[in-house]
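A.B. asks: Sequence:
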Amino acid sequence: MPEVRAELLPSRIEQASHWMPAPSLDNRMLVALEMILEPLASVASLWFLIWWFDDDLGVGWVVASVLVFALGYPGRRQLQLSPRSVVIGTLVMWVWTAGLLLTMGFASGRMDNFDPVVVGHWLWFAPAVQLATHWALRGAAPKLARLQGQVQRAVIVGTNEQGWLLAQRLANAPDSAIELMGIFGAHPAPEGLAGRCPTLGKSSDVAAYVKEHRVDRVYLSVPMTASSRTTRLLDALKDTTASVYFVPDMFVTDMIQGRADKVCGLPVVSVCDTPFRGPAGVIKRISDLVLASLILLLISPVMIVIALAVKLSSPGPVIFRQRRYGLNGQEIIVYKFRSMTVTEDGPAIAQARKNDSRVTRVGAFLRRTSLDELPQFINVLQGRMSVVGPRPHAIAHNEMYRRLVKSYMVRHKVRPGITGWAQVNGFRGETESIEKMEARVHCDLDYLRNWSLRLDIYIILRTIRLVFRDGAAY
1 MPEVRAELLP
11 SRIEQASHWM
21 PAPSLDNRML
31 VALEMILEPL
41 ASVASLWFLI
51 WWFDDDLGVG
61 WVVASVLVFA
71 LGYPGRRQLQ
81 LSPRSVVIGT
91 LVMWVWTAGL
101 LLTMGFASGR
111 MDNFDPVVVG
121 HWLWFAPAVQ
131 LATHWALRGA
141 APKLARLQGQ
151 VQRAVIVGTN
161 EQGWLLAQRL
171 ANAPDSAIEL
181 MGIFGAHPAP
191 EGLAGRCPTL
201 GKSSDVAAYV
211 KEHRVDRVYL
221 SVPMTASSRT
231 TRLLDALKDT
241 TASVYFVPDM
251 FVTDMIQGRA
261 DKVCGLPVVS
271 VCDTPFRGPA
281 GVIKRISDLV
291 LASLILLLIS
301 PVMIVIALAV
311 KLSSPGPVIF
321 RQRRYGLNGQ
331 EIIVYKFRSM
341 TVTEDGPAIA
351 QARKNDSRVT
361 RVGAFLRRTS
371 LDELPQFINV
381 LQGRMSVVGP
391 RPHAIAHNEM
401 YRRLVKSYMV
411 RHKVRPGITG
421 WAQVNGFRGE
431 TESIEKMEAR
441 VHCDLDYLRN
451 WSLRLDIYII
461 LRTIRLVFRD
471 GAAY
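The sequence shown begins at 1 in full-length UniProt numbering and counts up one residue at a time.
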């Protein structure tokens, strides 16, 4: 059984960092610039090379530009990353993006429409432009962050996990117009913050410090159970002109796409939501339609051969239709090439095991190479599934595991996928233990927290490699 790797299971402090409130007025401009930085640099570098080498900006280049922008948007928040992380991340992401574009070009037979000189120069010029624009933005970030007013002095009250997380973010943020003076509390600073965020005293000292040092903002990171102490502190701060903010404790539960919102004017915070709201949902659906259509076009001859092999190998239907739970737990029908002599879809289903007598000879090959799942690209076009997402399980297994595995049904906040983050991390094939299913669900929830189009591309490329190397399915 594959080991559960620690890096796949984010800590509570990392989960809280995925809470995405609306950007404040202090950094709204920089957030917008970061979101379009990478995709815009890629497209701009391509157009510059087309002009430089006197090529025509034809339909092919326009389509390529749209694909590049779609694959890169939204860009990553990088100003708080180390320079080394920025360089490595940019190069890795560009290799994935360029690799996918070249694969699509050769597979569709359209590479003759593009000047190879432009393509060759673009492969190294685009990441260079991305890095150059990033360093320019990083250098200008402090000035841009201060365009809307003078620097705001701030203190934090509370040395819990959330308080130190906020202190770390402010200390590492060149795009912030907030100067962190220090933190009030009893617990010592974690490693890396001791010399950058001084401890200023106890909570009873806050009001006097705020008055003396003309502090503009006070961030309260205190548990809600300390209501009497918090009330006294708030009363004392009313004798100052500082703005007071509550930092909500997000460690009471695992955050999945948490974000701030308002309902009838009242502030609310979601703790479990889908990543595919608004533009992200549109991008995900368009990418599914484009990829599924292209792949079906390319693999249609292979599917015809497989269909004939299944039909001739044993009696029964070519396509096995099985009920699964889809988006929001609604029942859907999923297609697969039949790989067994039986077509079970009842309240009790036995998982396929090694040397299972129900698996046909053709079916064994199809299951080992995942070719039995090719008809699910039709499910993607129907809107029942996505190319990438948590793998759907048989309804009988769903009903069993939802009672045994915490947060199991949260997987269904999104459409199920043909491949997923769990599968490319070793959790594929039979789940012979609860621990293995728990690890698979952890990976699925990690995908929901961290979704991006580039993550989907990475999973697809990893899946292609695993198809020829992995023997976990049978």
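Incorrect hints may appear among the rest.
Listed next, the in silico SDA-like pairs over lysine to any residue satisfying Cα-Cα at most 25 Å (straight line) [as the list claims (entries may be wrong)]:
(1) LYS311 - TYR245
(2) LYS413 - ALA394
(3) LYS336 - GLU373
(4) LYS336 - LYS436
(5) LYS436 - GLU373
(6) LYS406 - LYS336
(7) LYS202 - LEU137
Across the chosen pairs, the derived CB separations fall in these ranges [stated by the list, open to error]:
(8) VAL263 - LEU308: 29 to 37 Å
(9) LEU102 - ILE319: 43 to 51 Å
(10) ALA107 - GLY329: 47 to 55 Å
(11) ALA107 - PRO223: 54 to 62 Å
(12) ASN328 - VAL282: 45 to 53 Å
(13) ALA107 - ILE319: 38 to 46 Å
(14) ASN450 - LEU294: 21 to 29 Å
(15) MET35 - ALA132: 36 to 44 Å
(16) ARG169 - LYS262: 49 to 57 Å
(17) ARG138 - VAL305: 49 to 57 Å
(18) LYS406 - PRO223: 20 to 28 Å
(19) VAL282 - LYS262: 19 to 27 Å
(20) VAL467 - LEU91: 47 to 55 Å
(21) PRO317 - PRO223: 32 to 40 Å
Derived from the structure by calculation, the hints contain no laboratory data. It should be emphasised that the depicted structure is a prediction, and the values quoted were computed from it without experimental measurement. Glycine is no exception: its CB is placed at the ideal position from the N, C-alpha and C atoms.
A.B. asks: If I claimed the Cβ atoms of ASN328 and VAL282 lie 45 to 53 Å apart, would that claim hold in this structure?
C.D. replies: With Cβ atoms ~18 Å apart, the hint is violated.
A.B. asks: Take the C-beta atom of ARG138 and the C-beta atom of VAL305, compute their distance, and say whether it sits inside 49 to 57 Å.
C.D. replies: For ARG138 and VAL305 the Cβ distance comes to about 53 Å; the hint holds.
A.B. asks: Has the given pair, LYS436 with GLU373, been kept, meaning a C-alpha gap of at most 25 Å?
C.D. replies: holds (22 Å)
A.B. asks: Range first: 49 to 57 Å. Now tell me if the beta carbons of ARG169 and LYS262 are that far apart.
C.D. replies: violated (24 Å)
A.B. asks: For the pair supplied as a hint, LYS202 and LEU137, confirm whether the alpha-carbon distance does not exceed 25 Å.
C.D. replies: violated (38 Å)
A.B. asks: Is 47 to 55 Å a correct range for the gap between the Cβ atoms of ALA107 and GLY329?
C.D. replies: violated (36 Å)
A.B. asks: Is it true that the C-beta distance of LEU102 to ILE319 lies inside 43 to 51 Å, as the hint says?
C.D. replies: violated (33 Å)
A.B. asks: Given the hint that LYS336 pairs with GLU373, does the C-alpha gap stay at or below 25 Å?
C.D. replies: holds (5 Å)
A.B. asks: Check whether the Cα positions of LYS311 and TYR245 lie no farther apart than 25 Å.
C.D. replies: violated (67 Å)
A.B. asks: Taking the beta carbons of ASN450 and LEU294, is their distance inside 21 to 29 Å?
C.D. replies: holds (25 Å)
A.B. asks: Verify the CB-CB distance for ALA107 and PRO223 against the hinted window 54 to 62 Å.
C.D. replies: holds (56 Å)
A.B. asks: I want to verify a distance hint. Is the separation of the beta carbons of MET35 and ALA132 within 36 to 44 Å?
C.D. replies: Between MET35 and ALA132, where Cβ atoms are some 18 Å apart, the hint is violated.
Against the hints set out earlier in the document, violations occur for numbers 1, 6, 7, 8, 9, 10, 12, 13, 15, 16, 20, 21.
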